[in-house]
Amino acid sequence: MTAVRRSAVAVSVRLYALLLRLYPAEFRVRFRTQMMGAFRDACHEQIGEHGLTRGPTIWGRELWGLLRESASERVRLWRARSTRAAGQAGSGGPLGPRRPVATRPGDSLLADIKFAFRGLRRNPGFTAVVVLTLALGIGANTAIFSVMRTVLLRPFPYPEADELVTLWTPKPGFAFNPLSAPDWLDYQASSRSFSALGAYEQRRLNVSGDADPERVSGIRCTAGLLRALGAQPAHGRLFRDEETADPAGQVAIVSDHLWKSRFGADSALVGRQILVNQESLTVIGILPSGFRFPGWGSLREPDILVPLALEGQVGDRGSYYLSVIGRLREGVSVEGADEEMKAIAARLAESYPDTNYRRIARVVPLRTIVLRGAARNLWILFGIVGFVLLIACTNVAGLLMARNTGRNVEMAIRSSMGAGRPRLLRQMLTESSILALFGGAVALLVAWWGIGVLRTLIPSNLPRADELGIDLHVVVFAFGAALLTGLLFGIVPALQASGIDLSRSLREGALTVTARRAQTRFLLGVIIAQLALTFVLTSGAGLMLQSLWNATGSGELHGPEQVLIAAYSRDSGRGEEIIITDPFQDQLLERVRALPGVLSAGATTRLPLQTGWTAGIMPEGHTHEPEEANRYFTYIGCASPDYLGALGVDLLQGRDLLPQDSMQGSLGVLVNRTYAEQAWPEESPLGKRVQGGFTADPWFEAAVVGVFDDVRQNGLEEGTEPEIYLPFFPGFQRSRYLAIRTEGDPMALVSALRSELADLDPHVPLASVSTAADIYDSAATSRRFSTLLIGLFAIIAVCLVTAGTYGATAFLVRQRNHEVGIRIALGADHTRVLGLVLGQSFRMVLAGIALGLLGTAAASSIIGSLLYGIGPLDPVALALAALFLLLVVLAATLVPAIRAVRVDPVEAMRSG
Amino acid sequence: MVRPRRRARDIRWKARPLMTKNAKDAEAITPLTAPVFYILLALADRERHGYAIIKEVETLTERKVRLSTGTLYAAIRRLLDGGLIEETEERPHPALDDERRRYYRLTPFGEEVARAEVDRMIHLTGVALDKKLVSTAPVGQGSEECR
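Protein chains in written order, with the numbering used here: chain C, 41 to 952; chain D, 34 to 180.
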């Protein structure tokens, strides 16, 4: 093409572009590029190939076409606007005015969905970020929900589980106390409120004979207990009433787990004899695999059930060890049963004032006993993870809003073509719902992985923790949460995008100034809210860490990693005398002390952090006041000489127990510091006498020979109670614990220990082998678990907030490019601009922290219930959290701020 | 002061018509205006962009009809809004492609409308034959008789 022709084409094209302004803006936007292209092609073909003479022809045709059609378009648009203003259904059909025809609602929804998909596909980066953010938030919530579902929401594996209750007989001031055997028989005989009632005791039993002896978890229970639970055997039968009366039947019921692990799922086990605690029992039934026994804070499968027989072997009315479960009779409420039991308790108090004076009865639903504190802690965790989801939602809302500013022209066109605000809203909400559903689907993956991790970390004392998994309810929750989330984060951007001012948007192609200001305010508000939530989470995590530190810093024992702890149980016979020696134990200890590497060894009936028997121990110089009987309730245990030394407990005064202290007539005991301070606050406790019981005929009398340092009895977080150690008297308890201090690795001693024990008695297994340090370690599992989760959520929140702050600041800075460009052009130096941006961030963080402090104060009671040794408003923790947040936000806004400074003023002002 | 330049935004738009698609409605749109029908005809065999439609129409009508860009795009807008044509996603070979060109094709509804129009013409041709306004002699041969 010659130069002349080329310039002719160029001029024509320019003129054409000018003439295109005759068309209404919305038409121009749609077709301008194409029309220019087509015109250019036509010019190239005609003028380029055939010469300038074709020019007039082209122009004649095009000019006429432009004038005519542009006028027609304007008229059409004007007509459409006025009919819409008059409330009609639209200007008509596709090719001219037609009568309006109804739309099928499904059509446009499908269209919305397809359009939304296309939009998301076109912006894969945006879609990925949004979906991942949502997946993280929804996934975390789903994982916690699955824990809640397993532990709290799933019904108990018993028929009509709401009818199951427990019975306790505490004195005023206490919540729970087991029953004594004589009391149990009286309650059982007199009560009318239950269709089935049973008592049980949890024991560790030795199963031996055909294989290595094994210590298993056992339940001694009455036939009524299994009836109350509605248990059904998988093979054989359950106990009959006469088997749990006196004399006890020599029968046993085996669990599915034990049947498979020890007896190889032998189908002929029913009817065979097995050795339990060296007694021959006949297996009468095998429980199904889903059977769970409801215990204190647990719902586990026991290994073996044996009969509890009491008639004739009743024993002391003052010895409390039986737990009772009953099924309410039809039509009887918990309150009604409670009233009846309290009446029975009153009668017993009159008949047996020594033991039952002021002792009441309490009926408590079984659910409360099994779940205990788990419910509250889980709800708190659920609330916290909900915070994280809220932060994720607000991030996504901000992202959507930023994206929507690029779509104002599209919205304007849709609006001018007859889409009302509700229609536009629906389009936007469809998009956010689709994003949310994708997020929900990926969230299931996140949750599945999270649950896998949770399963390894979850403390085993959380009831039903072993049943954790994803089921239908969890999936429904995930998608329900996704839809709700979609609505939540979608509504504000949708409202904002659909409420645009038509003509101004089309003319300016961007938001109006007022709309922009509103958007900025919204974004800032969102970030501040996120910062407040994150502050609460971060300070909470810091407080939890400190609590964990407080709880696990034991310091009670010296060198607990060097102490081997092992358990065994053995019936040592009963005798006339309370205090007799136990030759088996003495022999065992002698052999153990002779093993290489052993520094010292001892035995006891209760380990640190364990609860156990309590008894009334009356100190010298005190008189018994019936109302104050609780004052003297003391943890009582047996200890061999050298036990406390081996364990690593400090002896504060006096000396350790010696063999001569177990002689009748010169009994010596050890007390802990709490007991000594309570009993004889000003005097030395050494030599003071104590007696067992408050009556004139105590079951023992002894002198204090030593005082040892306090060791916690009720877990890591309860204070220390008074405690006393007697020399061993075998009838006290079957279970024994050995404490062995070694030079090297204590676990290296285990096999030698096992063989010594087996040598002395092959039917007695060694069990529960660990170090003393492990005991303290596992006691902290629950707290460690909560701390880990809260810390994880705080980290996720911080990441989300950082990303959100960065994005919002970058967006806002871009919006203010125009203004910043002007400032720079007018001579503002770069530090001032930086100060502008950073100043805004700083104010944002301050507002967020202030709001967060308010939130922490408001939730302080809830937060405080999770803590140990530190208050929820600890100033150091709060200050650290505030500082951390400040640094994070300033770092996040630094990059956009620097970019703002580097803005080219000319470019900024041009892009407007 | 430099006036800020507006950047035109390319909107890919798929309008939904305000009518349901069925034969009755296709028929209701006929008779079509000439440019519209020509455009439908041009897109009947393959998808084309704007200028290619102009060229095709020129070919179909044996150079008798030459659409201007204004006429063409006004018609394209009406056809798009009515759901008779749609923009395609497919682009030709990159060597031949031009980003500024939008390609169009008939929708099923558009095909129906085109067919309805052809039916109408066939019907009218039949009427003309009945009335002996024309004969079935091949084009170009019986033209003197027809006048």
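Hints may be right or wrong, so weigh each one.
[Claimed, not checked] A few chain C residues that face chain D, going by a derived Cβ cut-off under 10 Å, partial list only:
no., residue
1, Phe67
2, Phe71
3, Gln74
4, Phe79
5, Thr97
6, Glu102
7, Gly105
8, Glu241
9, Arg243
10, Leu512
11, Val515
12, Val516
13, Phe519
[As the list claims (entries may be wrong)] Counterexamples of contact, computed for chain D against chain C with all Cβ distances above 10 Å:
no., residue
14, Glu80
15, Ile87
16, Lys97
17, Ala107
18, Asp114
19, Arg135
20, Glu144
21, Val151
22, Asp152
23, Val160
24, Lys165
25, Leu166
26, Val167
Hints are computed from structural coordinates only; laboratory data are not their basis.
The model shown is predicted, which means the values in this text are computed figures rather than measured ones.
Beta carbons: idealized from backbone N, C-alpha and C, even for Gly.
Against the structure, the hints come out as follows:
1. Look at phenylalanine 67 (chain C): its Cβ gets to within about 7 Å of chain D, closer than 10 Å, so that hint holds up.
2. Interface restraint check for phenylalanine 71 (chain C): the shortest CB-CB distance to chain D comes to about 5 Å, inside 10 Å, so the restraint holds.
3. Of the supplied interface hints, the one on glutamine 74 (chain C) holds, with its beta-carbon coming within about 5 Å of a beta-carbon of chain D, less than 10 Å.
4. Against a cut-off of 10 Å between C-beta atoms, the interface hint on phenylalanine 79 (chain C) holds, since the closest Cβ of chain D lies about 5 Å away.
5. At its closest, the beta carbon of threonine 97 (chain C) sits 9 Å from a beta carbon of chain D; the interface hint therefore holds under the 10 Å criterion.
6. Because the beta carbon of glutamate 102 (chain C) sits about 5 Å from the nearest beta carbon in chain D, less than 10 Å, this interface hint is met.
7. A hinted interface residue such as glycine 105 (chain C) counts as satisfied when its beta carbon comes closer than 10 Å to some beta carbon of chain D; here the least separation is about 3 Å, so the hint holds.
8. Nearest Cβ of chain D to the Cβ of glutamate 241 (chain C): about 75 Å, over the 10 Å cut. The hint is violated.
9. Residue-level restraint check for arginine 243 (chain C) is violated (minimum Cβ-Cβ distance to chain D is 74 Å; threshold 10 Å).
10. About 37 Å separates the beta-carbon of leucine 512 (chain C) from the nearest beta-carbon of chain D, more than 10 Å, and the hint is not met.
11. Violation of the interface hint for valine 515 (chain C) is found here, the shortest Cβ-Cβ separation to chain D being roughly 34 Å, above the 10 Å cut-off.
12. Against a cut-off of 10 Å between C-beta atoms, the interface hint on valine 516 (chain C) is violated, since the closest Cβ of chain D lies about 33 Å away.
13. Checking phenylalanine 519 (chain C) against chain D: minimum C-beta separation of about 28 Å lies over 10 Å; hint violated.
14. Here glutamate 80 (chain D) stays apart from chain C, with its beta-carbon at least about 14 Å from theirs, past the 10 Å limit.
15. The beta carbon of isoleucine 87 (chain D) is not kept farther than 10 Å from every beta carbon of chain C, the shortest such distance being approximately 7 Å.
16. The claim that lysine 97 (chain D) is not at the interface with chain C holds, since no C-beta of that chain comes within 10 Å of its own (minimum 13 Å).
17. Here alanine 107 (chain D) does not stay apart from chain C, with its beta-carbon only about 4 Å from theirs, under the 10 Å limit.
18. Distance to chain C contradicts aspartate 114 (chain D) as a non-interface residue, since its nearest Cβ pair spans about 5 Å, not more than 10 Å.
19. Non-interface call for arginine 135 (chain D) relative to chain C: violated, since the shortest CB-CB distance, roughly 5 Å, does not exceed 10 Å.
20. Distance to chain C confirms glutamate 144 (chain D) as a non-interface residue, since its nearest Cβ pair spans about 15 Å, more than 10 Å.
21. For valine 151 (chain D), the condition that its CB be more than 10 Å from all CB atoms of chain C holds, with the nearest at approximately 17 Å.
22. The Cβ of aspartate 152 (chain D) sits about 17 Å from the closest Cβ of chain C, beyond the 10 Å cut-off, so the non-interface label holds.
23. Every C-beta of chain C lies more than 10 Å from that of valine 160 (chain D), the closest at about 24 Å, which supports listing it as non-interface.
24. Once the 10 Å rule is applied to beta carbons, lysine 165 (chain D) is consistent with being away from chain C; the minimum gap is 34 Å.
25. Annotated as non-interface, leucine 166 (chain D) keeps its C-beta farther than 10 Å from every C-beta of chain C; the closest such distance is 28 Å.
26. Here valine 167 (chain D) stays apart from chain C, with its beta-carbon at least about 29 Å from theirs, past the 10 Å limit.
This entry does not satisfy hints 8, 9, 10, 11, 12, 13, 15, 17, 18 and 19, going by the numbered hints stated previously.
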